[in-house]
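Enquirer: Generate coordinates for the entire structure from the input sequences, incorporating the hints supplied.
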Amino acid sequence: MISATVYVEELEAGLVTNQYGFYSLTIPDGQYTVRYSFVGYRSHTEQIVLNGHKQLNVEISPLVEQIDQVTIRAGGQNRNVKSAEISLIKLDMKEISQVPVIFGEKDILKSIQLLPGVKSAGEGNSGYYVRGGNADQNLILLDEAPVYNASHLMGFFSVFNSNAIKDVQLYKGGMPAKYGGRLSSVLDITMNDGNTKQFGASGGIGLISSNLTLEGPIIKDQGSFIVSGRRTYADAFLKFLPDSTISNTSLYFYDFNLKANYRVSDKDRIYLSGYFGRDVLGFKDLMNIDWGNSTGTIRWNHLFGNRLFLNSSFIYSNYDFKQGADFNDFSMSMLSGIEDYNLKEDFQFYFDSNNTFKWGGNLIYHSFMPGHVDSDFEGFIGTSVDDRYAWDAAVYLSHESKIGSRLQLNYGLRYSYFQPVGPGDYYTFDTYGIVLDTINYQKGETIAQYGGIEPRASVSFVLSEHNSIKASYNRNRQYVHLISNATSGTPLDSWIPSSNIVQPEVADQFALGYFRNFDNNTWETSIEAYYKNLQNQIEYKNGADLLSNPLIESQLVFGEGRSYGLELYVKKRTGKLTGWVSYTLSRTEKSFDEIDNGAWFPARHDRTHDFSITGIYQINPKMSFSASWVYYTGDAVTFPSGKYFVDSQLVNMYTERNGYRMPEYHRLDLGLNLITKKRDRYESSWNFSIYNAYARENAYSISFIQSEDDPNVTIAEQLSLFKIVPSVTWNFKF
Amino acid sequence: MKKVSFILLSLLVLVSCTKIIDIELNSATKRLVIEAKISDQSVPPFVKLTRTMDYFNPENPELVSGAIVTLRSDVGESEVMEEVSEGIYKAVQIKGTPGVTYSLTVQDGDQSYEADAYLPFPVRIDTTHHFIRENRTPRDNISGYMLSLTFTDPADKTNYYRLDALKINIDTTGRHQNGSTSTVMTSDVLYNGGQTTNMLNHDQAYEPGDTVIVKLISIDEKVYHYFQQLKESAGMRAMFSSSAPANPETNLQNGAMGYFAAESVDMRMVIISDQ
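Chains A and B supply the protein sequences, listed in that same order. For reference, each letter of the first sequence is one residue, going 7 to 740 in the working numbering. For reference, each letter of the second sequence is one residue, going 25 to 299 in the working numbering.
Simulated from the structure, these hints should not be mistaken for lab results. Note that this is a predicted model, so its numbers are computed, not measured. By construction, the Cβ of each residue, glycine as well, lies at the ideal position given by its N, Cα and C atoms. Be careful, since some hints might not be right.
[Said to hold, decoys possible] Label-pair restraints from in silico Cβ distances: (1) B:Asn50 to A:Ile445: 44 to 54 Å; (2) A:Ser318 to B:Asn50: 51 to 61 Å; (3) A:Ile459 to B:Ser127: 31 to 41 Å.
Expert: Have a look at this one:
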């Protein structure tokens, strides 16, 4: 269990378990009462007599009928106040399952968008922006493996099957030194381990997707496994449509999660986890496109003595996109992707109950395939770009320390290093993006070397049991960059490494927060302010030629960015009514010499006000009602400020980048969870939800076009998606 | 690539709706729009001057009279162009010659605009080819003939091309009229010195009996980029564009819209026949 509290009553001291559920406490010999607790779980108290080293493995069980219980408040209930962690969001998977979502498909990436500092990438989209960072500046880890494209079906679903997920943590700032490689956030997702006691199955059948999860012990209490699969069948409805373009289209995705763990000895545990998902888009037998991620992690936990914990991981990540098209007399194919092999060592040393040291490092070998296009069409010139290869390494050391009863300090240093290597042709370009020079590198030859120190620190100062002040600073470096063809993620997006042309991105972030709990920790509130400075940001040049240009680096410009904001958060944790309110006030700006002569302009995803309220009301033990309402002001966008005609063709005239705003957005979602049968081992429940309940026509995009009747008349056309989307899902468990 | 976007777009249309909205746009200062062309063909060099207008203004563009338009060349020619009708200026003496760089100056009130363009040596069409294509893929809700053009690129330097296919419509009285034009922009970055084939009509198909004028136009780098960006911005709707829309980069100095192009042209007339 991750982040469960282990609390020694006699000493009024405690700590939380690490991500493998491991903990180590060094206290004087004596007789103690140790309490293990976790939100939503029955706490467990153990009396121990300590006279030397002792290993305590404890299992705690979930509260079955949470509402009837008097909620346990133990040391640790005010952890949000006391710990040095700032800008950290922990998702309660149980809570997520009750929040209404589009198509009834619960989704962690959409749930985090209801929290302050996290912005949705658009209607129904699982893409997100954290504190002004771009979508590619979020590090997404699934059991330590980076996931390069976290969305299915154009972003309307995330690749994370909620049934297979145990824990989700999102760092918006103040990242510990063990994380690196992306500028703006870390989303650390841990998969379920499976039940070590008994076999079980659970699943859901919905209108557009179904899922099934199986879990059980490998050897009772020694190891367990879990397998979870999911498949959508949205295209089944397309068959009934008269338009042959659409009824002949197939479109679906599926994914599998599996995980197994086995305790080899008291000191050794092995974990195996994997993810495999694919999206498929086809048109008759003529065109077939499929894309997806696969990740795999092998981990070995080992305990040296009683206080030194080592995790060794070997991690594989892959994303690829394949397209094949068959025309009458010729065919075309395209292949692009990225592949990583990653070796990682993490040590945790529990020096005493006030000091923990963590250190480690990792080494990644990246292979980038920017896109091979091939065709047997006569005279076709293949537009293949050479594959790219790079070494990516990092070492870190951090110290978590409690000084007195008021001060907690986490600080550390990370050193990262990136080295793109041959083989391949590398280019230099003129200002128009025309190749000036080509350099050919042999296999393994160094193209460039980048590296640097990344200091990280966060501190909390406890004013009283109920309130504290926290601050953090972090520097992050990013060596891989997503080059996207659209504002929201598409399968065509490709990752490129830093190279002779593309420099590593660097971010410095400062955050300051005040945390206060009320009414015996029933209410949690916080206010945080942040300022972020970004270097070597990447943007397309004006009028970039994207689709027909294989040398994508020639279409980029480099500049800087800044982002600052204020985040408010109020959460009611317990009682019949639970929920939270989030508000973010922010600004994100960029500056590029090549765009408007270096003037600061709002980033495309700059959004001034972003508000959401989510509530879950437990009507009785079998029925709960939930609702969420989202309101935000429009993102920055470039609209024309005039028009003219060239060769009788209408041309829009633009005056400044992102000088306009999209219309404001708001939406209400409703949900109802109903448990219809509940026996000892069997449970059946229904989930009903309505997305966009009052049918607000929110603008997804606005196009400026010529009227079909009169070419002199120009109009603005708004596209809206998803007016009211009702959905129903049946869930079972036995 | 565009096809994928198109299918995804058409699927989104299922759950989407569009409506015309009222939106307030800034009223930008009017700017001069220059359309200027000199070619190695018999057509004399001409310049058309108009002004930009507010986005939702439905009137015809304002033609700009009384400007002083001067054409010069790097071989010593110079001529003030004559305004032959409102906003249209023509040169009488100067004829486009390959290998010569031309400069254009437009004096409009107290503002002056300049541009240079190099007229490249012509490249010849090797052959054209047409073949039938059924309505097989989602993007092409059209059946009919596709037309391709093959030419051999000179190896000595970087070349920039604009390929135009202009369909000629014949009305009931037998008069010829210009129909729709398909344009392809290409440069020899990837095929320098080789023979290359380009499909001309991606957006439309031809019927048997159609007459199509095919042009292989050689232009300089700046003009190429102008038309490339112009084409890119015209064909895109907001949804799938990521690079923020911007004005095409022109060779005109001092903030005018439009272009000054120097072109050498090789032309063929193709009559689509049954195959």
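Enquirer: Does each hint fit the structure? Answer for all of them.
Expert: Verification of the supplied hints:
1. Between Asn50 (chain B) and Ile445 (chain A) the Cβ separation comes to about 46 Å, which falls inside the hinted range of 44 to 54 Å.
2. For Ser318 (chain A) and Asn50 (chain B), the hinted distance range of 51 to 61 Å is satisfied, since their beta carbons lie about 60 Å from each other.
3. Against the hinted window of 31 to 41 Å, the Cβ-Cβ separation of Ile459 (chain A) and Ser127 (chain B) comes to about 54 Å, which falls outside the hint.
Comparing the model with each earlier hint shows a violation of hint 3 alone; every other hint is respected.
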